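Peer 1: Sequence:
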Amino acid sequence: MRAGRGVLLAGIVAVCLFTVTQSVRNQERADKVIRIAVSKTALSAPLIIAEQQGLFARFGLKVELIQMKGGVRCAQLLNQGMAEYATASESVLLAERRRQHDLVLLASFVESDNDLKLLSLASSPIQAIADLSQRRVGMTPGSASEFYFDAVVIASGLRSMQVNKVYLTSDKLDSALLSGEVDAVSVWEPHGYYAYAQTSGQVRELGIPGVYTLSFNLISQRAYAEQNTDEARRLLSALNLATQWIHDHPERARRQVATALGLSHDLIHWVWDDYIFRVSLSNALMSNLRYQMRWSQQQGKVDGGSMELSHVIDQRPFERAMQTEVPLQ
1 MRAGRGVLLA
11 GIVAVCLFTV
21 TQSVRNQERA
31 DKVIRIAVSK
41 TALSAPLIIA
51 EQQGLFARFG
61 LKVELIQMKG
71 GVRCAQLLNQ
81 GMAEYATASE
91 SVLLAERRRQ
101 HDLVLLASFV
111 ESDNDLKLLS
121 LASSPIQAIA
131 DLSQRRVGMT
141 PGSASEFYFD
151 AVVIASGLRS
161 MQVNKVYLTS
171 DKLDSALLSG
181 EVDAVSVWEP
191 HGYYAYAQTS
201 GQVRELGIPG
211 VYTLSFNLIS
221 QRAYAEQNTD
231 EARRLLSALN
241 LATQWIHDHP
251 ERARRQVATA
261 LGLSHDLIHW
271 VWDDYIFRVS
281 LSNALMSNLR
291 YQMRWSQQQG
301 KVDGGSMELS
311 HVIDQRPFER
321 AMQTEVPLQ
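In the UniProt record's numbering, the protein residues as written are 1 to 329.
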């Protein structure tokens, strides 16, 4: 009898300990603030809308959005342990992996085939891509800016053309073009808009429409993503609802994004129609990743076997988020 009571008592204690442990874990999860480094661009609209419309909270998430200038800086913040997630192009993700940072892509939330621009001043002798031979071209290293430039050169049949790549941070590119420090720049928005605005439209577009489809993605450290799959799943569910809200309320979305990021309404209207907002792991994204891996190998940036697609993407949170459809209202 005493033995039976001992077993019963041990069972009760075990249940109590389990209940207390679960309660503590649930409280820790409820109190946790998830930091997301967000690029200060309209590409980040789904995260802005998810925050402002209470969609993160709907999935039990407390989120702090940390605005940064460009995906490169967002990824740096992630690598420094100052954010749990970041927004970045696939070019930035692969560049960081080449630097031995074990980052993974969780999903894309927007695509655009017109976000990158290759620009020269209309007053310069640079009228076509071939005119850049032996010229100075400004770009941001390890980003979509550099990849886009190389993609345009290759698509133009000028693979062997020699240019002087001038590496600058994204916020220095416009001024470098205007001052004559460089002859052309490869930039993403809003810097293309700024170049047009500051010259009253006196810039020349040298790029090729549709040569590259930019994906903007949610990325994280692999170890963190593996330990927080459900958290990432809920983040993607919130972003999925945010893209639906953007489609249903485009004008309100533009106003909210402009205000939150401190960007002009003219700029937002300039870029908005080029963006396709959706949470996905699309074929275009997969193709871009494969293409950029080959490009990296051809450029001698990585060893042939150092990166595989299965190592770059953690698709479990996306798959789980898409399995459960949650209505917006």
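Derived from the structure by calculation, the hints contain no laboratory data. Bear in mind the structure is a predicted one, so any value in this text is a computation, not a measurement. Glycine residues also receive a C-beta, built at the ideal position from the N, C-alpha and C atoms. Treat each hint with caution, since some may be false.
In silico lysine to any residue, SDA-like type, Cα no more than 20 Å apart, as pairs [as the list claims (entries may be wrong)]:
1) Lys32 with Ile12
2) Lys40 with Leu267
3) Lys32 with Leu178
4) Lys32 with Arg234
5) Lys165 with Ala128
6) Lys32 with Asn228
7) Lys32 with Gly81
8) Lys165 with Gln127
With beta-carbon atoms standing in for the labels, derived distance ranges [what the hints assert, rightly or not]:
9) Tyr167 with Ser200: 51 to 61 Å
10) Ala197 with Ser310: 12 to 22 Å
11) Asn79 with Ser123: 39 to 49 Å
Peer 1: Can you name, in rising order, the numbers of the hints this structure does not satisfy?
Peer 2: Hint check: 1, 3, 9, 10 fail, others pass.
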